Each structure stands twice: as structure tokens, then as C-alpha cells.
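Trainee: Chain residues, written in single-letter form:
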Amino acid sequence: MTKDDVLPGHLQELRRGTAVMASLAALREPGYGYALLQTLSQAGIAVDANTLYPLLRRLEEQGLLTAEWDTTASRPRKIYRTGPEGERVLAAMLADLDALRTSVNRLTEGTAS
Amino acid sequence: MTTTTTTLTDRYVHATTRWMGEEKRTDIARELTATIDDMVAGRVEAGEDPVEAERAVLAELGNPAALAAQYANRPLHLIGPRYFLLWWKILLIGLIWVPVLAGAGAAIGSLASDGDAGDVIGAGIGTAIEAAFQVAFWVTLAFAILERVDVDAKLPRWTVDQLPELPKRQQVSLADAIGGVVTIGVIIAVLVLQHFRSWIDGPDGDDVAVLNPDLWSFWLPFLIGVLVLCMVLEVAKYRVGSYSWGIVAGVVITSLAWIVPVVWLATQGELISPELVAALDITPTVLDRINLGVVLVAIAVEVGTVVDAVVKNRQAARATGAQAAA
Chain A
142 MTKDDVLPGH LQELRRGTAV MASLAALREP GYGYALLQTL SQAGIAVDAN
192 TLYPLLRRLE EQGLLTAEWD TTASRPRKIY RTGPEGERVL AAMLADLDAL
242 RTSVNRLTEG TAS
Chain B
641 MTTTTTTLTD RYVHATTRWM GEEKRTDIAR ELTATIDDMV AGRVEAGEDP
691 VEAERAVLAE LGNPAALAAQ YANRPLHLIG PRYFLLWWKI LLIGLIWVPV
741 LAGAGAAIGS LASDGDAGDV IGAGIGTAIE AAFQVAFWVT LAFAILERVD
791 VDAKLPRWTV DQLPELPKRQ QVSLADAIGG VVTIGVIIAV LVLQHFRSWI
841 DGPDGDDVAV LNPDLWSFWL PFLIGVLVLC MVLEVAKYRV GSYSWGIVAG
891 VVITSLAWIV PVVWLATQGE LISPELVAAL DITPTVLDRI NLGVVLVAIA
941 VEVGTVVDAV VKNRQAARAT GAQAAA
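Respectively, the protein sequence lines represent chains A and B.
First residue of the first sequence? That's 142 in my numbering, and the numbers climb one at a time after it.
First residue of the second sequence? That's 641 in my numbering, and the numbers climb one at a time after it.
Note that these hints are calculated values from the structure, not bench results.
Don't take every hint at face value.
What the hints assert, rightly or not - From the derived model, a few chain A residues whose C-beta atoms are all more than 10 Å from chain B: (1) Leu152; (2) Ala176; (3) Ala184; (4) Glu228; (5) Asp237; (6) Asp239; (7) Arg242.
Unchecked claim - Using C-beta positions, here's what the derived DEER-type ranges look like: (8) B:Leu795 with A:Thr159: 28 to 36 Å; (9) A:Met234 with B:Leu795: 23 to 31 Å; (10) B:Gly886 with A:Arg157: 47 to 55 Å; (11) A:Asp239 with B:Arg658: 39 to 47 Å; (12) B:Ala705 with A:Ala233: 28 to 36 Å; (13) A:Ser215 with B:Ala655: 45 to 53 Å; (14) B:Arg658 with A:Asp145: 39 to 47 Å; (15) A:Arg157 with B:Leu795: 24 to 32 Å; (16) A:Asp146 with B:Phe836: 51 to 59 Å.
Unchecked claim - Under 10 Å between C-beta atoms, here's a sample of chain B residues computed to sit facing chain A: (17) Arg665; (18) Asp667; (19) Arg670; (20) Glu671; (21) Ala674; (22) Met679; (23) Leu701; (24) Asn703; (25) Leu707; (26) Ala708; (27) Ala712; (28) Ser753.
Bear in mind the structure is a predicted one, so any value in this text is a computation, not a measurement.
Idealized CB from N, CA, C, for every residue including glycine.
Work the whole structure out from these sequences, hints included.
Mentor: Okay, structure coming up:
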């Protein structure tokens, strides 16, 4: 096994879970599935379409997102929006990410010195 | 053109949503259709051919069954990490014990209904194989269902107390154990095969049995059963790793269970098949000597086995004594 084979797997592990955070953050501005997919990919967060759409529904079922149908556009779209519970979860996840970042920094700086 | 494109998307949405509940299905179908249309429109705006764009979008979304599983939050594996180890343990235990017990039961049943040696063995092995398949199927099915039902099964958690002991100084080597089991297996095979193939022609040109065929009604199955117990004892000896008084007792009991019938049958002259005696023109004097020889060899072998077990047990006791003293 070369380094090239190992790295993608580790990166995937690292990124798992960021899709939830990114969606909750991006959907403070209400949006529909495909638009969110584009927003995320422009923001540099690559999520597969077949992962994101089921994820949105799951977050809705968990009460983190609210959703309503917008029938005014040319095709009817389900618009998602981050609810209060979603905000709370997002804040907790961001705090955890910060803590993680700090811990990793401490370790990397520790080894550097 | 338009009909074709609608159809592919419709087929995809249908394939994804068809096993969902009514309420969920309409909602997801509607959203998925709109999303696919959005994705296709995005690609067409970027200059792709509409038909190709639709195919590409559906390919990107992937297998509808996988997408449906994502929507339903259903696992895409039969048995996941939560239950795998328990499933494996139960499967192994079941595959070891159930076929053995079922096979033995069927063999005894066939024996009771006057089957000959082939019938008895065939019934035993056939039932054992069938039981193994049944065990594998039902255990796996039960765990596959458990994996899919959202219940908090209060499964026993692993605790530190379950750690196995470190292997003792191995007095019984694997080679010894395998040698013992194979030897016993060969003896069983000889006991069975002598009935069918002795290379001694009887009056009708067929092979005659070496041992008295009447013994199949009880004594030969009994002796084979004792040999199977000896095999179990060999395995137990290896698992324990050293001799103990329990194993010595097992050796003595199986030896007695084997030797008493053999000696009795030989002295009664019931061991050797009368057909063989006739086919080879064995005189009564020679037959007596053969029976005496069988008795002496049998006694020598079993006495040797028991003495060997006792000596090794004393060695084991001395070794543990030395360890305790150290």
C-alpha cells in the first residue's frame, strides 16, 4: 500500500460529519436541495448528491431543519431552513470543531518545538 | 425526445420510491423529480446535450436501491459491526453442536429401525449437513432482522472477566492431538469398511465381512460411539493443554468401555464373522488363537494408553508443582 491509497480513506473519515454542519450553516438562508449542493461545492465542501438529499430529509425528521413546499417557482421545490433546534446543534458542533482544532494545534505545535 | 427524457427520470424516481410508505413516497418522489430536473437544467446550461445530461445525472445519483436505503436510513449490509461478533460466536457454536447432535440422533434413529451400516452413516451425515444449513440460515436471518429493527436489544456487553487465560505450557501438542484424532478416525473407518471390503471372496464371489455382521445390531455402533468419545477426549486434552485427573478418568472409562466388549465378544467367539471363517477354512484351534491374540493385543494397547495417561498426568502435576514453588 502506498501513501496515495491510504490518504483518501483518512480524508473521507475526517470529512464525515462536516456535511451536517455545512448544511445547517448554509440553510440559515432558506434553500432547496440542488441550490444547497451548489452552495456547498462552491464553498469547497464536496458532498455527493445521493448523500445530501437523504441527509436533508433526515435532518428534517430530526427537527433540525424545517421544510415547506414552494409552488410559486416553475417547478415545485422543497425549501429547507435551519430551525432553532438546528441552530443549537450547529453551535455545539462548531464548538466541538473549534475544540478539536485547538487540541490538534497544541499537539502539532508541541511536536514542532 | 421529451417523452424519453421524462420516462428515464420517472423510472428512476419510481425505482427509488416504490417500497416507501404512501405519505413519504409522494413527498420524496416530488422532491426527487424536481431535484433531478434542477441538476439536468444545470448541466444543460453548461452546454450539455439534454439526453446525455439526464443520463449523467441519474448515473451520478447511482443505484436507486442504494438511494432508497439512504432515505429510509436502512443499512446496506446484512449484519453490521454492532451484531457481527455475537452473530459469529452463536453461528460457530451452533455449527459445532447442532449438526453433531442432530446427526447422532438420526444415526441412532436409523439404527433403531434396523438400518445397515451404510444407512446409519448416511442418515447421520445427511442430517448433520442439513442441520448445519438450517443453523446457518436461521441464525443469520435472526440477526439480519435484529439489525433492521430499531430495538435496544439488551445484549450482553463484553467485560474484562471474559478474557481467556493465557495458554498454559502446552503439554499436548497440536500434532499429538491431530495424530490421535486421525488414528481414531482410521480405526472407525476400518471398522466400517471391513463390512464392505475385505478382499476375501465369499462363496457368492462378494467380499465377506471380517467382523460378525450381527454385531451391527448393537456392539459395533457402541464401539464406534466409544471411539467418537475418544476423539472428543483428544480434542479436550488439546484444549486444556495438559493432563489432569479428569482426563485420566476419561481415558480409563473409554478404555474399559472399549476393551470389555471386545474381550467378551472375542472369548465368546462372536467377534469374527462365521462367513470369513468358512471362506478361509479356519480351523477351531486357529480361530481360538486368533481370538486370544485379539484379546491380548486389545488389553496391551489399552493398558499402554492408560499407563501413558497416568505418567503424563504425573508429569503435569510435577510441572505445575514446580511452577507454584517458583
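Trainee: Please list, smallest to largest, the hint numbers that this structure does not respect.
Mentor: Of the numbered hints given earlier, those the structure breaks are 2, 13, 17 and 28, listed in rising order.
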